[in-house]
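The residues making up each chain are set out below.
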Amino acid sequence: MNQQEIQEKNEKLKNILLKYKEELERLRRELFNIINEYQKTIDNERIKELKEDLMRHE
Amino acid sequence: MNKEFKKISTFSEGKEREQNISKETKDNQEISSERDFQRLLEHSISEVYNNQRDIIEKASRRIESINHFSNLFEEKRNNIFEQGGFKKKIEEIIGKISSLTRETIRQIRDLVSNQPEVIHFSEMINLDIAEIQNAEVGNVEMQALEQPKAEDAERASVENPKTLIEEKNRNQETQTSFPEQQNEDQQENTQAENQESKEQKELKEYLEREVFPKFKLSVEDEERALAEAPEERREILKRSFENSRKSLEVFYTKFVIDGVVDRYAVDRAEKKLNFEILAPILESSILEIKPRLNELGIDISLSSIGFTPETADIEEVMKALSKINQMIESIIRERVEKEIVESLLQKGEYRGIYAPQERWQDEEFMEQIGRQLDILKRQAINEAIGEIGFLDWMEQTRNRLNKPFIMQPFTIQESLTTTRIPEIDARKYKVYKSKEEITQLLEEEIDRAEQTGFLCINITAAKFEKVLSEGGFRDIFSLSEEDLRAMKDITGRGDRFYLDQRTVIEQALGIYNPEIPTLYGTYASENGIDEKRGGAPAYGAIFLKLKPEVQASFCEGDSMSGCNDIADEKLAREGIYIGTHWAEAAKRRQIALEHVSIIKGMNNAYRKIMNQLGHGVHPFGYIEAHIKGLKLEDIESINIPRSFAEGILIESIDAGNYESLVKRLQQDPYWKDKINIID
Numbered sequence: 005m006n007q008q009e010i011q012e013k014n015e016k017l018k019n020i021l022l023k024y025k026e027e028l029e030r031l032r033r034e035l036f037n038i039i040n041e042y043q044k045t046i047d048n049e050r051i052k053e054l055k056e057d058l059m060r061h062e
Numbered sequence: 011m012n013k014e015f016k017k018i019s020t021f022s023e024g025k026e027r028e029q030n031i032s033k034e035t036k037d038n039q040e041i042s043s044e045r046d047f048q049r050l051l052e053h054s055i056s057e058v059y060n061n062q063r064d065i066i067e068k069a070s071r072r073i074e075s076i077n078h079f080s081n082l083f084e085e086k087r088n089n090i091f092e093q094g095g096f097k098k099k100i101e102e103i104i105g106k107i108s109s110l111t112r113e114t115i116r117q118i119r120d121l122v123s124n125q126p127e128v129i130h131f132s133e134m135i136n137l138d139i140a141e142i143q144n145a146e147v148g149n150v151e152m153q154a155l156e157q158p159k160a161e162d163a164e165r166a167s168v169e170n171p172k173t174l175i176e177e178k179n180r181n182q183e184t185q186t187s188f189p190e191q192q193n194e195d196q197q198e199n200t201q202a203e204n205q206e207s208k209e210q211k212e213l214k215e216y217l218e219r220e221v222f223p224k225f226k227l228s229v230e231d232e233e234r235a236l237a238e239a240p241e242e243r244r245e246i247l248k249r250s251f252e253n254s255r256k257s258l259e260v261f262y263t264k265f266v267i268d269g270v271v272d273r274y275a276v277d278r279a280e281k282k283l284n285f286e287i288l289a290p291i292l293e294s295s296i297l298e299i300k301p302r303l304n305e306l307g308i309d310i311s312l313s314s315i316g317f318t319p320e321t322a323d324i325e326e327v328m329k330a331l332s333k334i335n336q337m338i339e340s341i342i343r344e345r346v347e348k349e350i351v352e353s354l355l356q357k358g359e360y361r362g363i364y365a366p367q368e369r370w371q372d373e374e375f376m377e378q379i380g381r382q383l384d385i386l387k388r389q390a391i392n393e394a395i396g397e398i399g400f401l402d403w404m405e406q407t408r409n410r411l412n413k414p415f416i417m418q419p420f421t422i423q424e425s426l427t428t429t430r431i432p433e434i435d436a437r438k439y440k441v442y443k444s445k446e447e448i449t450q451l452l453e454e455e456i457d458r459a460e461q462t463g464f465l466c467i468n469i470t471a472a473k474f475e476k477v478l479s480e481g482g483f484r485d486i487f488s489l490s491e492e493d494l495r496a497m498k499d500i501t502g503r504g505d506r507f508y509l510d511q512r513t514v515i516e517q518a519l520g521i522y523n524p525e526i527p528t529l530y531g532t533y534a535s536e537n538g539i540d541e542k543r544g545g546a547p548a549y550g551a552i553f554l555k556l557k558p559e560v561q562a563s564f565c566e567g568d569s570m571s572g573c574n575d576i577a578d579e580k581l582a583r584e585g586i587y588i589g590t591h592w593a594e595a596a597k598r599r600q601i602a603l604e605h606v607s608i609i610k611g612m613n614n615a616y617r618k619i620m621n622q623l624g625h626g627v628h629p630f631g632y633i634e635a636h637i638k639g640l641k642l643e644d645i646e647s648i649n650i651p652r653s654f655a656e657g658i659l660i661e662s663i664d665a666g667n668y669e670s671l672v673k674r675l676q677q678d679p680y681w682k683d684k685i686n687i688i689d
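Chains A and B, in that order, give the protein sequences. This note's numbering applies: residue 5 is where the first sequence begins, and numbers increase by one. This note's numbering applies: residue 11 is where the second sequence begins, and numbers increase by one.
One chain only, chain A, in its complex shape (with noise of 0.2 Å):
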């Protein structure tokens, strides 16, 4: 390979390299949201047991 190839191909991994950052950052966020949507979720099942419980109490 010479100077210019060289140049050339790490100017294509620098964009490959970006685009492959770009959408891991976005599958990321994806996967993150899902994971606080279960907590939300598992939170609220929570509460709603324990306001039965208390209700029981009172």
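Hints listed in this document are in silico derivations from the structure and should not be mistaken for laboratory results. It is possible that part of the hints are untrue.
Restricting the straight-line Cα-Cα distance to at most 25 Å, the calculated cross-link-like pairs of lysine to any residue (SDA-like) are [unchecked claim]:
1. Lys-13(A) to Arg-49(B)
2. Lys-106(B) to Gln-8(A)
3. Lys-25(A) to Lys-106(B)
4. Lys-13(A) to Gln-406(B)
5. Lys-25(A) to Asn-60(B)
The model shown is predicted, which means the values in this text are computed figures rather than measured ones.
With chain A fixed as given, assemble chain B onto it according to the hints.
Okay, now just chain B, sitting in the frame of chain A:
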């Protein structure tokens, strides 16, 4: 020789020459940059691979933590996870991330389709990705999310408390075993279990005979104490006797019967294995290059590059080889310069460039010659370096050394097992202590806890300022709306969730009384940490030492989240899960003042042994103290580590300003004699 070359080169000295030198250096860099580019590609591939691993690990940890603190029955939680579509969506995204990783690595690989070494490398990486998909996403990842085995065991454990531990042990052991060994291992396990129950029985007898009477925990001691105690204390005291005895049993079982892996021995074994795997590869690789280096007067061997069983590390090898590369370059440079000088002196010519001695005084001519000689010198150096092929050899060697490890990437599966290298069975490095050894240590530590124990409250500067300005402590139930909101932000829980849980637990412990606030502190004692930072430094750098007459009851670990290794193990053995059995879990860890030094001493002994074997203990494993109606007058001393008092260290923005608080307290007539700066 450099001197002589410089003499000749003086003809072309000046700006022109400087430019040539810098150009030469630059050219050399560019020539080697093809290799740099290859390295960049390899680096990019491993980055892509690591990113995928990091995201999956973080997500897995987050889900594990949600499940752990969910306070919901597993069945219900699982139902939400599956029926709520969370499992499916998470699997889908992990699948997409894996595809993205594969596709990106393929694209990077395509950039170097002419480079066999790199293709080989990335093909191996691709194999890893497939493995991760199958192993992590398919099995390990979802296993972490579902934990079916642990749950089955936990359900079963309600009927048979011992099952959980046995099941847990079996799971752990299966993880470290190779498939073909599993049947064999299971047979061994059954034998081991029978043996264990016999040992357990013997241990119980020993405890009843030798240990419980020594620490006044025997049944007779209990009857006597209950008869003397006032009615309102009997329940807590009875519970405390039972809980202390059970904790001691777990503590002894852990070191006498179960054994603890010596992490330091495992580390040494891993290094040794690293050496055993890498030494033959490196040795045969060295044989290829040795004759060429010997010609240059350079010796190369495992010892000359510092490769020993204690230092077997690929990166260190590469650093040592880079130094050899620099040596090669400087030797060759000297040789070429010598050759040029000799050739010009003898023949008036070097590689077709004529510069007879009689023309050396002609500056213009020599300037041109100097430029041409520089180019020729560079060419000659590159040719000679290329002939030796050291950089190529280094690259090949790196790939050869990496190969055994590339095929076994560090996965979640591996992190769940106790060793980094699958070939090492950590169980072989377990350490067992004798009952007598444990008793002796326990006696020393309990004695020390009795002598040095104190009630302690760790608090931040901001909170203590508030206490001082309000003239007293508030409990959790009388916090302002603003404080409650702040707590909600920290815990991420819904309205009153924390308070409701607190109420249930306080009621269970018999300490709930809205009229008299309960303050939460710790029982601390000299153990290398408490005397410098207090019993629970995570709650604030200031630790208030309370007067000995202040009364309290106690809980092993945090009454809401557990996290005390011995107490957690005890609950697991009894089939109690802190997340769902709040009240029961708190009751089974409650300790009365009479026994707190025993439990604190035991925890200090536990920390000591675990640290000696290279393990940490949970930082929330403190002995929680419940103090009723605490007043400012109950504070014996205010203690602050010097680094905080002098503003060198800060905890966080909202922890307040320790430095200014200390200065103010030091001027206050009431507090000035009570404040201690701890070095």
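Status of the hints after comparison with the structure:
no., hint, result
1, Lys-13(A) to Arg-49(B), "holds, 13 Å"
2, Lys-106(B) to Gln-8(A), "violated, 35 Å"
3, Lys-25(A) to Lys-106(B), "holds, 14 Å"
4, Lys-13(A) to Gln-406(B), "holds, 22 Å"
5, Lys-25(A) to Asn-60(B), "holds, 13 Å"
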